[in-house]
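Here's the letter readout for the chains.
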Amino acid sequence: MPRPEVPGVIKGLGVTFRTMLKPAVTVQYPHVKETPAPRARGVIALLEENCTVCMLCARECPDWCIYIEGHNDKAPPRREGGKPRTINVLDRFDIDYGLCMYCGICVEVCPFDALFWSPEYEYSELRIADLLHDKQRLGQWMDTVPEPPAYESGAQVKPKKYASPAAARAKNAS
Amino acid sequence: MTVTEPQQLAYIAGQAAEARLRFELETEGMTLNIGPQHPATHGTLRIIVRLDGEQVVWADPSCGYMHRGYEKLAEVRKYQQVTTLVNRIDWLSSFCNEVPFILAAEQLYEVEAPPRAQWIRTLLFEMGRIANITLFLGEMGVQLGAITPVFYAFRDREHVLNLIEAATGGRFHPNYDRVGGLKDDLPKGWVEETKAVMDKVREFCDQMEDLLLGNEIFERRMRGIGVIPARVGLGYGLSGANIRASGVDWDIRRDEPSVLAWKDCDWKVWTHTDGDSFARYWVRLQETREAAKLVDQLCDGLPSGPIMAKMPARLRVPKGEAWVHTENPLGEMGYYVVSDGGPSGPFRCKIRSASFNNISILPWILRGVYVPDVITILSSLYFILGDIDR
Amino acid sequence: MSALLAPALAALAVLPPVAAVDVTTYGWVTALKVAIVLGVIPAGALILGYVFLLKMMSHMQSRLGPMEAGPHGVLQLVADGVKFLQKEDIFPSRADRRVFAAAPLVVLMSTFLLYVVIPAGPRAVVEDLDTGIFFALAVSSISVIGVLMAGWASANKYALIGALRAAGQLIAYELPMVLAVVGVVIQAGTMSLSGIVVAQANYEVSVFGLFEIPKVPYVFPQIVGFLLFMIAAQAELSQAPFDMPVAESELVAGYMTEYSGFRFLFFFMGEFGSAFALAAIAATLFLGGWYVPGMSMDAVASDIIGPLVLGGKIMLVAFFIFWVRFTYPRLREDQLQSMAWKVLIPISLVNIAVTGVAKVVF
Amino acid sequence: MSDAPTDDQTEDAAPPPPDPEREELVAALRRDLGDWLIEHVNANGDLWVRVDRKAWLKAGEVLREKHGFDYFCFLSGIDWLNNAELVQRYEQVWDPDAEAAGDGAADEGPYVGGRVAGGDTRFQVFARVYNVQRKLGITLKADLDDANPSVDSWVTVYRGADWHEREAWEMYGFEFAGHPGLRHIYLPVEFEGFPLRKDFALLARVVKPWPGLVDKEPVPGEDEEEGAEEAAPA
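Residue numbers (the numbering used here), protein chains in the order written: chain A, 1 to 174; chain B, 1 to 390; chain C, 1 to 362; chain D, 1 to 234.
Check each hint, because a few of them may be wrong.
[Stated by the list, open to error] Computed spacing ranges between beta-carbons, pair by pair:
id, chain 1, residue 1, chain 2, residue 2, range
1, A, 30, C, 28, 46 to 56 Å
2, A, 38, B, 305, 16 to 26 Å
3, D, 207, A, 28, 41 to 51 Å
4, C, 350, A, 10, 19 to 29 Å
[Claimed, not checked] Covered, in the sense of this in silico footprint (three residues per stretch, anywhere, with C-beta under 8 Å from a C-beta of chain C), are these stretches of chain B:
id, region
5, 90 to 98
6, 130 to 144
7, 263 to 272
8, 299 to 306
[To be verified] Within a straight-line C-alpha distance of at most 25 Å, the following computed BS3-like cross-link-like pairs (lysine-lysine) qualify:
id, chain 1, residue 1, chain 2, residue 2
9, D, 54, D, 66
10, A, 33, B, 200
11, B, 72, A, 22
These are computed hints drawn from the structure, not numbers from a lab.
C-beta atoms are modelled at their ideal positions from N, C-alpha and C, and glycine is treated no differently.
Work the whole structure out from these sequences, hints included.
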């Protein structure tokens with residue numbers, strides 16, 4: 001690298017001086033916020049209507065931090081004159097974020113599109129016990145779930161049918 | 001290979017100091033605990049040093065303050081659940097940790113990921129390398145008293161982390177690899193952005209060269225400090241840039257057959273003959289540039305196709321053992337995974353992490369150096385606590 | 001920034017006229033002088049701390065720095081000070097309590113004493129000693145006693161090593177500093193700081209006898225001395241690349257390791273206060289002090305403008321001190337010693353010899 | 001830079017090492033070690049060699065001095081105890097494969113045994129060394145005695161073995177004869193037991209019930225699983 005011979009001690013001063021003249025890259029956090037990527041694993045949102053209490057997420061969780069309880073119930077038949085259906089009703093769905101490793105396995109294994117990642121990250125608490133989010137709290141995160149981004153050219157992935165929150169909601173409504 | 005002169009001198013000085021303490025003065029010397037909480041150990045490493053003045057008579061590193069027992073934890077987890085653990089071994093380049101593990105698991109499953117998945121793995125692997133080594137390049141300055149470089153490192157590394165997050169969803173702990181492929185394909189526009197960021201990385205490397213590497217004070221602090229002759233380094237199991245700085249031309253990316261895409265790119269393995277702290281810094285700086293070059297090439301040549309192999313219907317892992325190692329930013333990282341044929345995870349998962357071996361040379365190399373050089377050597381060997389303690 | 005400095009220095013400027021208006025009571029004058037010294041140091045420390053430590057460093061590291069306390073965080077250091085005052089006064093269990101408590105005061109006292117002789121205008125000086133520079137250099141080395149006390153009394157190995165390093169460093173650097181000043185003293189022919197300012201105001205350089213450049217500050221003829229002085233000041237202040245006594249990556253915080261609360265605040269104030277004071281001495285010795293060409297040497301206005309001029313020069317010098325601090329890695333103690341004894345001291349001796357010969361010849 | 005680095009182009013990177021090279025190495029080792037070389041496996045471009053524990057030190061010496069295996073990669077142990085209850089404690093409950101796996105494991109006898117150069121006894125010590133010139137790696141294994149797992153230390157051959165042997169000592173209880181100081185490296189000094197042994201229970205998985213067990217409802221459409229679940233110990 002042939003460069004004019006400037007002593008290193010002077011060059012270093014030049015680097016810091018030039019940086020000083022440029023605007024800073026940091027932002028003042030509570031006033032200005034950077035938007036995380038749509039895929040960012042911030043917090044897990046629960047779409048309660050889609051959950052069938054199948055327990056897959058709780059079983060696959062490496063940290064055992066999902067607690068689910070449910071019971072059987074009878075629901076009116078889908079078509080008129082049909083037999084009443086047996087459905088599973090979700091009583092409790094807690095995720096303990098004090099234990100969670102944010103691996104996303106639960107979201108991935110969910111076969112009924114009930115769990116979603118939201119990039120929301122501002123839910124720190126003063127007490128660890130408060131990090132246990134119940135199903136109401138997890139349900140509230142649903143509003144922050146973004147549409148999944150499009151794929152890069154060359155990708156041959158079939159997008160999940162109910163990957164977007166709106167589609168997942170519609171699925172259950174039908 | 002002969003022991004180089006500065007190291008020999010330091011050694012003799014160490015012995016002389018010990019002799020002085022024991023026989024001449026019959027004083028006790030001073031035992032100094034560097035760590036477990038100390039700014040230079042960036043984590044909880046403890047080094048017990050016996051000092052004569054400011055000269056080290058002997059040093060005894062003691063680790064384990066952060067031991068998490070991943071080898072045991074892996075035994076009660078499935079393969080997919082282990083990746084999220086190994087993410088946390090070398091936390092600055094988490095993606096690089098999961099790749100060798102998943103490759104080992106794939107060997108056991110007897111599946112192979114499709115080419116696009118392999119390319120994206122390589123791509124993110126190299127970005128992990130950049131995210132890791134850039135921090136070293138700045139951090140070395142902090143350990144020597146220059147506070148500014150590390151902020152530049154954080155500044156420019158942030159772009160790389162943002163990209164990793166955009167692709168994988170996890171900034172630090174991607175958990176993006178799956179047995180047989182990847183979790184998801186890249187989002188749109190990612191490749192363009194990556195190439196733009198690589199220019200910033202190169203600019204950062206130039207800045208570090210001006211700010212630190214070219215600085216005469218820096219050079220005086222680094223040259224001839226902590227010289228590791230190649231044979232000693234190999235005996236201690238030093239790997240990666242540490243051993244390349246001692247003139248050993250060995251890079252697993254190039255020298256081992258691998259399913260990853262390094263073989264398809266045009267790049268270079270840098271070595272340095274000096275074996276001192278300066279050489280280690282220099283080699284890592286060149287490696288970062290090389291990694292940026294690799295990322296550019298990988299972005300250009302990214303093949304299209306699926307990212308997930310067809311998995312066998314029953315996920316029963318055949319009995320077997322697999323050893324896969326890769327050239328991680330810190331050195332050789334390998335997983336020795338044993339499957340007992342059951343449906344659960346590994347029966348035994350030996351994690352060979354680079355830093356554990358890299359710092360095991362400390363008792364040998366710290367004899368006879370001064371306290372400031374302890375810090376220089378420590379950080380030029382570049383360890384990450386999670387990588388030592390696992 | 002100098003807007004903040006102005007009230008303190010203006011007070012300093014007002015003093016001699018006040019004294020002239022026949023406030024004969026000796027006690028009153030002394031009290032006022034003490035008040036000024038006590039006011040200038042914290043003000044100077046705050047200004048340097050804010051402008052350089054908080055803001056310049058942040059921007060050199062491409063970040064914003066404190067922004068919350070006051071506009072652009074101007075009150076951040078005040079807030080920090082209040083926080084320090086609220087903290088518990090902690091003594092390590094095996095510390096030598098009295099020495100431990102006294103050490104920060106000794107350091108701070110040395111800084112305060114430095115200000116006594118610095119002139120901010122023709123009459124705006126607390127005490128114009130005939131041997132002003134001699135006094136300043138002497139009291140500036142008192143601080144190392146405080147540092148040694150702190151290191152010893154803390155009962156902490158890091159602190160002890162740091163203190164010993166500080167002592168070694170002082171001995172290595174006091175010499176080049178004094179020798180660098182000797183050149184100025186020879187050229188000015190006086191040791192009074194006011195005298196040196198006046199000498200610079202009257203100094204003329206003749207270029208090969210063709211034409212003369214009047215009113216040249218000593219930084220030009222004494223450029224070697226100036227560089228030596230700045231390097232030595234950097235070491236004296238324990239700023240990078242000579243911050244081995246506090247070297248945070250090696251010794252945690254050196255002799256300050258065990259200090260917290262207001263005692264730490266004292267050290268902090270001492271550090272920035274003496275940076276301010278040494279910058280003032282450098283400005284006085286080499287940059288013409290409070291004087292700029294065109295100023296009257298005895299007008300009352302000079303006593304008002306003088307402090308502002310001096311303040312500007314201090315900021316200029318301090319800028320270089322901190323710029324270097326934020327850029328360079330640190331040397332090793334033995335490298336510093338060998339640099340001081342093998343390079344700086346011989347150069348400064350040659351500088352004295354050359355100055356002396358030049359003084360006699362021209 | 002003026003530092004005259006040596007560098008290589010990647011184009012002429014070595015092709016996958018041909019197996020004859022490894023076979024030849026095994027033959028050479030057999031000449032040195034004789035019957036102490038129990039078996040070897042040369043698969044997946046890698047080499048595993050099982051030696052008698054008496055030849056453990058000798059094997060290391062021969063590899064380093066004669067064959068240029070300078071680089072010490074790692075040394076560790078393995079416990080082949082077939083403790084299915086512990087390992088598969090919770091997967092058995094619901095995994096469709098679980099029952100079959102349980103049967104398969106029961107046939108194995110007390111020790112599981114690996115496919116690659118697996119051991120005959122409960123404990124195995126294994127280490128990997130590498131020849132950086134020839135880009136050749138080899139994994140050495142040795143069976144240890146069940147009651148008294150002890151083997152010669154490698155510290156005299158590979159200095160890096162020091163810490164690894166300390167780790168194997170505290171994790172498995174292996175004794176390394178000739179090691180300068182078998183002290184704890186990761187665990188606190190007062191720690192009792194050998195955590196990586198299969199009969200050492202992982203407390204985190206014992207004190208807390210598996211959340212997957214508390215459900216009442218089976219997965220819709222997977223009725224065959226129901227039976228397994230109800231049989232589960234709560």
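Query raised in the report: Going through the earlier hints one by one, which of them does the structure break, listed in rising order?
Result: 5, 7, 8 and 11
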